[in-house]
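Go ahead and model the full structure; you've got the sequences and the hints to work with.
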Amino acid sequence: MLEAHPGLPEFDYIKPKTLAEASRFLADHAGEARPLSGGTDIFVRMRDGVWKDKYLVDIKGLDGTDEIVYDPSKGLTIGAAVAMNRVSAHPDVKKHYAALADAVDKVASYQLRNRATIVGNICNASPAGDTIGACLLLGGALDVHGVDGARTEPLASFFEGPGSTALKPGDVVTSLRLPLPPKGLVGRYYKLGRNKSSDLSIIGVTVVGFPDKRAASGYRIKLALASVAPTPLVVAQVEEILAAKPVTEQTIAEAAQAAMDACTPIDDVRASARYRKMMARNLSQKALTEIWNQLGR
Amino acid sequence: MSDLFNVNVTVNGTLYEREVEPRILLSDFLRHDLGLTGTHVGCEHGVCGACTVLFDGNPVRSCLMFAVQTNGHEVTTVEGLGDIDDLHPIQQAFWEAHALQCGFCTPGFLTTLVPFLEENPDPSEEEIRNAISGNLCRCTGYQHIVEAVQLAAEKMRA
Ligand SMILES: Cc1cc2nc3c(=O)[nH]c(=O)nc-3n(C[C@H](O)[C@H](O)[C@H](O)COP(=O)(O)OP(=O)(O)OC[C@H]3O[C@@H](n4cnc5c(N)ncnc54)[C@H](O)[C@@H]3O)c2cc1C
Ligand code: FES
Ligand code: FES
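So the protein lines, in turn, are chains A and B. Our numbering puts the first residue of the first sequence at 1, with every later residue one more than the last. Our numbering puts the first residue of the second sequence at 298, with every later residue one more than the last.
A hint or two may mislead.
To be verified - List of simulated lysine to any residue pairs, SDA-like, C-alpha gap at most 25 Å:
1. Lys74(A) to Pro179(A)
2. Lys196(A) to His441(B)
3. Lys106(A) to Tyr439(B)
No wet-lab data here; the hints were simulated from the structure.
Written out as structure tokens, the structure reads:
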């Protein structure tokens, strides 16, 4: 009999048949059981001995979580088990949620994205998660199945720290929902890595923008940063500055400076905190300028 | 030891029925249980791409999956692409264009490229470089690999 990889800790693999069964098992084994989706974070963490769960509960594809649906009256629902490549290839995602499609395509490699999920990226709650900024700026919310039934968790209040979220033992996220996009929405993700692809970000900048009559400037432009704080960071000042004053080269520079000031990055193997701060300003400036051009000033 | 699981998986067209410990990685299962050592193991962290296989036709890292997760599915390894008397056009092109030196990375490149070329019969150089960006090669500097993909695309279009 073939022996398991010596680097992997002892654990049992649990394959529940329903969400109810999954939630019950996870709650009964709080602190020692973990939901397994694409596994791309879990495998690495387990093998490196960082995570030592006794049970991996395979939730991939339970009760219809393998579907992606765009409803022109409600918006987009991405099942928790839908692999990233299926999301970015979806014509309605490309058309209506460009920032998300762009961010997804910048995660790891094509092969990884055939397994990795957006919900996994969100639940892993790494400050470097490339898709999280787009989900936040697009007003995303998670459908969660817990021991007490189903509930909704808005992403705006979901992240508590690196790897720490509003999820409780027994919770399984079933889908990510994005509301209908505002008219004229444009968006992009800018990722600065040590190489062009396949690495975690040094910093990441997500921007979205759309015409908005209620804003004094006529536009609403939002920006989120990855890898600059303990949680994914939406810089509210950017939106405020560019809504209150006419969008010009100067106000964009002011907004980019606000993005830099909002950062509290750390030094790590990828870059120093100082470099991250400077790049947060420069890349924000570039991102805001390009989105402004795209809005057709 | 953890409980054993039954795995019925079709690998390169042959159905295998095995009992496995759930912690067995797909890469180890293919190499050590089925003896298909064409699937190479480099980093075991999902980075290098040497262990790439096709899972229901899509390229995935076999070091980031458990064998039990393939139950009821289809896997294709480099051995399933072609053999020495009947090479797949991509294998033939790698040979002709000198797209390998030590060959350690080659199975991962080939399995990545088969579905890519089926979907993109006439790829640009940029598209090719993007397609292979999840595969590391320490020897070639990639130039000959890109040329081999162009040659393979030509062969497959013919
Ligand atoms: C080589 C490599 C490169 C990578 N590059 C990038 C990169 O460039 N950018 C990036 O952002 N990430 C990167 N990652 C990290 C990883 O691929 C992503 O975070 C991915 O989106 C995780 O999704 P998954 O489905 O594989 O999650 P899993 O590994 O299955 O789970 C991750 C965490 O989320 C929890 N979880 C997952 N699904 C649910 C659910 N439905 N309900 C409740 N909890 C859940 C799990 O319990 C676990 O704690 C990389 C990983 C590797 C191995
Ligand atoms: S061995 Fe699987 S990606 Fe390197
Ligand atoms: S040929 Fe040696 S690693 Fe690619």
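Tested hints:
no., hint, result
1, Lys74(A) to Pro179(A), "holds, 6 Å"
2, Lys196(A) to His441(B), "holds, 20 Å"
3, Lys106(A) to Tyr439(B), "holds, 21 Å"
The structure fails none of the hints (numbered hints given earlier).
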